[in-house]
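For the protein sequence lines, the chains are S and H, in the order given.
Okay, so the first sequence: first residue is 1 according to the working numbering, each after it adds one.
Okay, so the second sequence: first residue is 205 according to the working numbering, each after it adds one.
Calculated from the structure, these hints are not laboratory results.
Positions of the beta carbon are idealized from the N, C-alpha and C atoms, including for glycine.
Treat the hints loosely; a few may be bogus.
[Stated by the list, open to error] Pairs of lysine-lysine residues, derived as DSSO-like cross-links and limited to a Cα-Cα distance of at most 30 Å, are as follows: (1) S/K191 with H/K376; (2) H/K451 with S/K191; (3) H/K265 with S/K3; (4) S/K179 with H/K264; (5) H/K292 with H/K408; (6) H/K451 with S/K141; (7) H/K264 with S/K137; (8) S/K158 with H/K264; (9) H/K432 with H/K235; (10) H/K376 with S/K108; (11) H/K292 with S/K195.
[What the hints assert, rightly or not] So these bits of chain S aren't anywhere near chain H, every CB distance computed over 12 Å: (12) S16; (13) S45; (14) E67; (15) G95; (16) E107; (17) A131; (18) E133.
[Unchecked claim] Covered stretches of chain S, as calculated for chain H (at least 3 residues, CB under 8 Å): (19) 145 to 158; (20) 178 to 191.
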Amino acid sequence: MKKVLTTPIQDEDIASLRVGDIVYLSGTLVTCRDEGHRRVVAENSMPSLPLDRIAIFHAGPIVRDVEGGWEMVSIGPTTSMRMERYEKEFLAKTGVKLVIGKGGMGEKTAQGCKESFAVHAVFPGGCGVVAAEQVEKIEGKEWPEFGMPEAFWILKVKEFGPLIISIDTEGNNLFEANKVTFHARKEVALKDTAKQIVSMIAKS
Amino acid sequence: MSTCEEEAKLVAILGKFIDIVSKELPDDVMKKLTELRTQEEAPLAKAIYDVMFENMDKAKKLNRPTCQDTGVIQFFVRSGSRFPLLGKLRSILREATISATKSAPLRLNAVEVFDEKNTGTNVGTDVPFIEWEIVDDSTNVEIEVYQAGGGCSLPGRSIVLPPLAGYEGAMKFVFDTIVDWGINACPPLVVGVGIGTCSTSAAKLSKKAMLRPIGTSHPHPKAAAMEKSIEEGLNAIGLGPQGISGKNSVMAVHVEGMAHHPSVLGVGVTVGCWANRHGIIRFDEHLAYEVVSHTGVSL
Numbered sequence: 001m002k003k004v005l006t007t008p009i010q011d012e013d014i015a016s017l018r019v020g021d022i023v024y025l026s027g028t029l030v031t032c033r034d035e036g037h038r039r040v041v042a043e044n045s046m047p048s049l050p051l052d053r054i055a056i057f058h059a060g061p062i063v064r065d066v067e068g069g070w071e072m073v074s075i076g077p078t079t080s081m082r083m084e085r086y087e088k089e090f091l092a093k094t095g096v097k098l099v100i101g102k103g104g105m106g107e108k109t110a111q112g113c114k115e116s117f118a119v120h121a122v123f124p125g126g127c128g129v130v131a132a133e134q135v136e137k138i139e140g141k142e143w144p145e146f147g148m149p150e151a152f153w154i155l156k157v158k159e160f161g162p163l164i165i166s167i168d169t170e171g172n173n174l175f176e177a178n179k180v181t182f183h184a185r186k187e188v189a190l191k192d193t194a195k196q197i198v199s200m201i202a203k204s
Numbered sequence: 205m206s207t208c209e210e211e212a213k214l215v216a217i218l219g220k221f222i223d224i225v226s227k228e229l230p231d232d233v234m235k236k237l238t239e240l241r242t243q244e245e246a247p248l249a250k251a252i253y254d255v256m257f258e259n260m261d262k263a264k265k266l267n268r269p270t271c272q273d274t275g276v277i278q279f280f281v282r283s284g285s286r287f288p289l290l291g292k293l294r295s296i297l298r299e300a301t302i303s304a305t306k307s308a309p310l311r312l313n314a315v316e317v318f319d320e321k322n323t324g325t326n327v328g329t330d331v332p333f334i335e336w337e338i339v340d341d342s343t344n345v346e347i348e349v350y351q352a353g354g355g356c357s358l359p360g361r362s363i364v365l366p367p368l369a370g371y372e373g374a375m376k377f378v379f380d381t382i383v384d385w386g387i388n389a390c391p392p393l394v395v396g397v398g399i400g401t402c403s404t405s406a407a408k409l410s411k412k413a414m415l416r417p418i419g420t421s422h423p424h425p426k427a428a429a430m431e432k433s434i435e436e437g438l439n440a441i442g443l444g445p446q447g448i449s450g451k452n453s454v455m456a457v458h459v460e461g462m463a464h465h466p467s468v469l470g471v472g473v474t475v476g477c478w479a480n481r482h483g484i485i486r487f488d489e490h491l492a493y494e495v496v497s498h499t500g501v502s503l
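Please model the complete structure; the sequences and the hints are all you need to start from.
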């Protein structure tokens, strides 16, 4: 059965989620990237929209101006790791419960998820049209001076996903765990590959 | 046709082509993704491939860019020296980029250097990026467009190694780059490796390698063996789609090389994401064209 989170997200809605689970989101989703995080955390400046218990999306969309508003053309996730420096403080300051992006985040964010009782999830990268179709409405825009990709777009979404939980409220971190496995496999694979190639070149 | 009319015609065709490339993946990429999809067994990896294919269908049906990051537009021009509009091509490519930005629409991704302001048009200083190659004295031109997104541009790097580091050092550089940075670049990846003399030549060759059609091998048997060996090695790491872990890491590994100075070995790595938006179009002197990369596409 499809598990759907609805904003405002309550602690009990996400308490039992574990890394690798797939969920969907209905409600308010706000885009927020590098500049937004920097302004909230480093400059201590908050946008006028309330962020408490909603979800943010590391994404820079393509938005088309239409009569009386905007149309969402394509919106997929961007690399979450870029926001690693500020995410922990961002969660503590805003009360955001769900962070959506691409790829994993680091130890500091995992700690932040544990302390602020929040989760990080991955939307498949490069799938901007599927995501755009799940946006019911663009409700507004904050900090437009950042430009189209960096502004805070305030979205109403319906069953937005699939979202793969990558950091849960206990601070378990799917990508950090994967990284350990990948590095171990890399050592073996690299040794084999380098050996093959060096011996092949040396024969000449 | 007057030169003015010819220029306008070329702008219109190329504008449409850039637009299409943002929405439909080329034949080589589609074929490989279809093949890799069937090899995945883990539920999460399969679920991700399902969304990827659903997204490609929807992009085509709804006439929208497949990925919201339509990149900085790059052109690789391989021209005969007698192509009649060669001298006008720079401004034609610029105009075509502006046109596709409005029609597709593409995301506004050109941030002017030093001022750090988005130009709002997808053109700016040296953007679109153009790489020129005069290949013969014919009257034809082949133009390759590539939409270089931020996520898959991030892993790109080059290094110059001392000779004793050799090919072993080169392999370590490639593997480290992919494991440290490739996860966020939307695997399965296309990996281009360039072996050259300096950081510039190695980087340039790696981009050329990355853009080579998937399914082709380097004509030198040792280079072809090298490509196969690196591909097997990287796949054994099992990054899976989106780095979530799975059967494969890459769609392809391509290697290009050049003769190098005996004291150095330059190595470049360029990475392309699964949504590898590149396309090739050929023109003759009458501007009759052929789309090489996308079967069945009409402009």
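Going down the list of hints, with the structure as the test:
no.: 1; hint: S/K191 with H/K376; verdict: holds (9 Å)
no.: 2; hint: H/K451 with S/K191; verdict: holds (20 Å)
no.: 3; hint: H/K265 with S/K3; verdict: holds (28 Å)
no.: 4; hint: S/K179 with H/K264; verdict: violated (35 Å)
no.: 5; hint: H/K292 with H/K408; verdict: holds (24 Å)
no.: 6; hint: H/K451 with S/K141; verdict: violated (41 Å)
no.: 7; hint: H/K264 with S/K137; verdict: holds (22 Å)
no.: 8; hint: S/K158 with H/K264; verdict: holds (22 Å)
no.: 9; hint: H/K432 with H/K235; verdict: holds (18 Å)
no.: 10; hint: H/K376 with S/K108; verdict: holds (28 Å)
no.: 11; hint: H/K292 with S/K195; verdict: violated (50 Å)
no.: 12; hint: S16; verdict: holds (18 Å)
no.: 13; hint: S45; verdict: holds (19 Å)
no.: 14; hint: E67; verdict: holds (16 Å)
no.: 15; hint: G95; verdict: holds (27 Å)
no.: 16; hint: E107; verdict: holds (16 Å)
no.: 17; hint: A131; verdict: violated (8 Å)
no.: 18; hint: E133; verdict: violated (6 Å)
no.: 19; hint: 145 to 158; verdict: holds (count 3)
no.: 20; hint: 178 to 191; verdict: holds (count 10)
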